[in-house]
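Model the full assembly from the supplied sequences, consistent with the hints where possible.
Just so you know, we're using the working numbering here: the sequence shown kicks off at 5 and counts up by one.
There could be a bad hint or two in this list.
[Claimed, not checked] Straight-line C-alpha distance at most 30 Å; calculated DSS-like pairs for lysine-lysine:
#1 Lys-167 / Lys-191
#2 Lys-170 / Lys-194
#3 Lys-194 / Lys-161
#4 Lys-39 / Lys-161
#5 Lys-45 / Lys-161
#6 Lys-45 / Lys-191
#7 Lys-52 / Lys-191
#8 Lys-39 / Lys-170
#9 Lys-39 / Lys-194
#10 Lys-45 / Lys-194
#11 Lys-170 / Lys-191
#12 Lys-167 / Lys-39
#13 Lys-167 / Lys-45
#14 Lys-167 / Lys-194
#15 Lys-52 / Lys-161
#16 Lys-39 / Lys-191
#17 Lys-191 / Lys-161
#18 Lys-39 / Lys-52
[Unchecked claim] Listed next, with one range per pair, are the computed distances between beta-carbon atoms:
#19 Arg-79 / Lys-167: 28 to 34 Å
#20 Ser-154 / Asp-93: 22 to 28 Å
#21 Thr-67 / His-175: 30 to 36 Å
#22 Phe-90 / Val-158: 17 to 23 Å
#23 Thr-72 / Lys-167: 22 to 28 Å
Worth flagging that the hints you see were computed from the coordinates, not collected in a lab.
All values derive from a computational prediction rather than experimental measurement.
For every residue, glycine included, the Cβ atom is placed at its ideal position computed from N, Cα and C.
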Amino acid sequence: MKIIATLSLVAVAGLTALSQNPTMTISHSGITPNKVMTVYKGQDIDFKYGSGQAHPMTEGWQTGEFSTPVAWTTRTVSSTVQSITFQIDTVGVFYFHCNNNAANSNNWGKITVVDSSSMSIDPLDIPGFTVFPNPVGDILNIDGFGGEASIHHVNGKTLMQLKDAKTNVSHLQPGIYFIESKRATVKFVKQ
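Written out as structure tokens, the structure is:
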């Protein structure tokens with residue numbers, strides 16, 4: 005009976021963990037756990053208040069880039085509005101920062117929105133940026149690697165910072181991942 009109860013508890017905990025939305029917690033010291041995430045079009049995203057003053061997250065990026073194809077909609081968390089859940093229904097790249105603390109580079113964020121219906125496990129033909137083999141077992145190659153990229157879990161968590169066009173991903177669990185660079189975000193499948 006103890007085994008059944010333990011397995012039931014593990015199953016419920018696992019389902020709860022899987023059902024959590026991609027989340028960014030915003031405080032005076034920065035955005036955690038990641039300032040960059042990739043989500044599906046229409047997927048729920050949570051912003052949570054961490055500490056400090058109100059955090060109106062407004063359009064713009066520290067390098068002067070702006071969201072495309074539409075502007076970022078300001079979203080604010082504060083001590084009185086501690087959590088907001090929202091969706092972005094447009095595929096694109098959205099840059100934002102805390103308007104009350106714009107000088108703090110830790111409070112700059114980026115959300116890439118992809119269309120799940122157009123995603124495939126074949127190499128995606130983004131001009132000058134492809135990954136292969138896809139699905140991958142051990143070594144993932146990035147054609148058009150610009151010197152810096154990161155691998156993200158489907159929930160948005162950053163797993164690896166890449167410095168090379170050939171990367172060993174054998175330690176990753178089987179599943180769906182994204183490689184994000186300044187040029188593009190590409191989905192790949194780990195076998």
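Tell me, in ascending order, the numbers of any earlier hints that this structure violates.
Checked against the structure, no hint fails, so every one of them is satisfied.
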